[in-house]
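Protein chains: 2
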Amino acid sequence: MSLFTDFYELTMCASYFDNQQFEPATFDLFIRRLPPNRGYLLFAGLEQVLQYLSSVRFTQEHLAYLKTQGFNQPFLDYLRDFKFTGDVWAAPEGTVAFPCEPLIRVTAPIIEAQLVETFLLNTVNLQTMIATKASHVVNAARGKTVIEFGLRREHGIDAGMKVARSSYIAGCQGTSNVLAGLAYGIPVFGTMAHSFIMSYPEEIDAFRAFAKTFPNKSTLLIDTYDDLAGAEKAATVAKELEKAGHKLGGVRLDSGDLEAISKKVRKLLDAKGLEYVKIFASGDLDEFKIAELLKNCAEIDAFGVGTKMGTSADKPYVDVIYKLCETMTAEGVFSPIMKLSEGKVTLPGRKQVYRFKDAEGNYTKDMIALADEKVNAEPLLAKVMENGKVTYDFPSLMEIREAAAENLSKLPSKYKKPKGSQEYPVERSQNLKNMIARLEKTLRNGQA
Amino acid sequence: MSLFTDFYELTMCASYFDNQQFEPATFDLFIRRLPPNRGYLLFAGLEQVLQYLSSVRFTQEHLAYLKTQGFNQPFLDYLRDFKFTGDVWAAPEGTVAFPCEPLIRVTAPIIEAQLVETFLLNTVNLQTMIATKASHVVNAARGKTVIEFGLRREHGIDAGMKVARSSYIAGCQGTSNVLAGLAYGIPVFGTMAHSFIMSYPEEIDAFRAFAKTFPNKSTLLIDTYDDLAGAEKAATVAKELEKAGHKLGGVRLDSGDLEAISKKVRKLLDAKGLEYVKIFASGDLDEFKIAELLKNCAEIDAFGVGTKMGTSADKPYVDVIYKLCETMTAEGVFSPIMKLSEGKVTLPGRKQVYRFKDAEGNYTKDMIALADEKVNAEPLLAKVMENGKVTYDFPSLMEIREAAAENLSKLPSKYKKPKGSQEYPVERSQNLKNMIARLEKTLRNGQA
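Chains as they are written, first to last, in numbering that gives the first Met the number 0: chain H, 0 to 447; chain Z, 0 to 447.
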């Protein structure tokens, strides 16, 4: 993956090398602002970041290609032996986070720290964007099952895998992606498509054929021709299954007015003693539609959520950035750095994030402080890599999922609404404020 | 990639197998509607589709996993020997296409045709979405250079690669993604980040260091502290380069009012005899911002377009679907199939798309007809795979890119506007209309 990078990372590194700039520097990875309709961020992607940092190397093929792009031999020789040797501090996956809080902090020789930027941003962008979106969908479902069903419209193979992972972290119960089931141990779910129904002359033949193969776990798609007629036929098959000692799992609705249809279907099924048959809904769902359906008491037991969650359709990226915050001076001491470009101000210095909690453990506010300050609250960043070696016991995906649920339970609900959430307070320590004021003054005098 | 699929593809196939359904069927892959702000679709992704179809297999590990998911041994034995053996007709990549036109048509034993659905949709969704979006961006740039710069916020590794590929097909001049340069031979571009500037005590030191390494192709980022002060320093470095017999490539603006600043920077550079120094702009660009900048005569020579193009941010998916359109009856003849679900009607039968042109070769209208109809116009679909073997000479990426440019030049500009495009006429042949009417009648009588 070493060439999975923006070209400018390599040109900058070539110039650092050429100018013998090997001093360490610190970069913060953080998200500048919340996407609309989100009250918080759910951080994900650290495992893949650390795997990358501990394994990134340049092959002969890479070096031969870079030679064709005009890089000189001394730099290529440097890349031949390239390893990431820095220290990394990070928040654990499943951490509830807010804008401008460093999520990953990298301290390494500046060439190394710069070279890894693109991969880190790409990874955290995808997984944190999806975990955040999926978490808001799961909240909207108020304890009802949500399954991630978006594989066909997620952005390629890696997205298909990482969306399944991140939405599982966020509380989805499973995915339709079978490869994610194999790779991550995530429960996989699926029913049938309209094509299956249509491939049989009669709808009920399709139901019977499917129920024959899966007599105890069939979910029958009933909207291919007419929902209620489909529900009648599903009920007939359910009764046939009962006689053979089996039970129909559920029916699925995938179109139309899900609220009205689900109520009619529930009534129809209940009238036949099929209270145990679940109603599964899919089709263009997101957190807003789910909230609306449940507010109106739609008779839906589980939701299959696809494209809108799997592409984070209302905002298909987070404003994640990776910014230099300190460099080492010629005297060998770290010195804080800040940027002034319009609307793109950064926070200087090596920092830590502290979380304040009330007596019940509920989050009350965060504070971004300098790393060496003493603050009487829980620090979010811990050391996860030292001299290029992982110093972190990777939690299992299930442990990350449980941590995320626990963390989210501690965030008061006023901060969790997809629309009109209150802004969670994130303060800056007095020392950090003083540093910012001092640097702003210097910059405005010195460079303008 | 065999398990990179929705679970329901496998459950349906298991049931087809269990019920000994091996007859061939035909599926159409098409896009139901245009995304907003697009006048047409630019089809991409066929090469990866055919690579997948000719190589999809189940490994022992896959089969062992599927066994844990409740599939029975006879079906697993079937999968052990699974190969795709069908026929595929498709439009070439770089084809200008419109809603409901089949782009890929698969005829194969129904288990095979069903099993491959998810991968085909995922691949065509990503690449066609991006090629379409990027094509509208390139149109807006009116011949000026557009470079794809979105890697850091594209959705994972595969998206990073395929966005570079599809946007190059659409007419971008290159990408920042170095691995895409290696894998696809796409030209790679890059300048420098703010962090590079900030790592030096003085901005001009950073410019000099970079120019030392790349004396003839440096593009200096001038907005870290103050654009015009940055431009002054870049001009100083350009003059130093001139003395050493070199030439500064350009300057880059990445924030602020690009129109106003570009005009001031151009004036400043020209006043110093630096007319040859290009102005490169980036920062939150899309087709609308580029059109506005050029309308107002911004002095910009090239655009770096990132997140909004690389995630297709205003609509991060296309409504691509894969629908059964014919099955084989017990008598061994193909019979057309149609679906009636609300708002999701499909077109029955095996079809071809014909494109009508005027005397200059400009597109005038399309017609969706039955595959065996004679229509005096250019058919868009050609056979690309027979009995599971590719029967198609893959064009090179450059050839696809040239074909796309040629095709787009034949689409009248009234259909190409991102806002307020006229709707391109896509008709249905009389035979197709008659078939639809007949099936609708049967369905409404038979199933409701």
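These are calculated hints, taken from the structure and not from any lab test. Computed from a predicted model, the values in this text were never measured in an experiment. It cannot be assumed that every hint is accurate.
The list treats identical chains as one, so a pair stands whether inside a single copy or across any two.
[As the list claims (entries may be wrong)] In silico EDC-like pairs for lysine to aspartate or glutamate, Cα to Cα no more than 20 Å straight-line: (1) 382 / 241; (2) 82 / 17; (3) 314 / 283; (4) 440 / 239.
Now for the hints, and whether the structure bears them out:
1. 382 / 241: neither (57 Å within a copy, 48 Å between copies)
2. 82 / 17: Within. Shortest intra-copy distance 18 Å satisfies the 20 Å Cα cut-off; inter-copy 53 Å does not.
3. 314 / 283: Answer is both; intra-copy 16 Å and inter-copy 14 Å each pass.
4. 440 / 239: neither (80 Å within a copy, 30 Å between copies)
The earlier numbered hints that this structure contradicts are 1 and 4.
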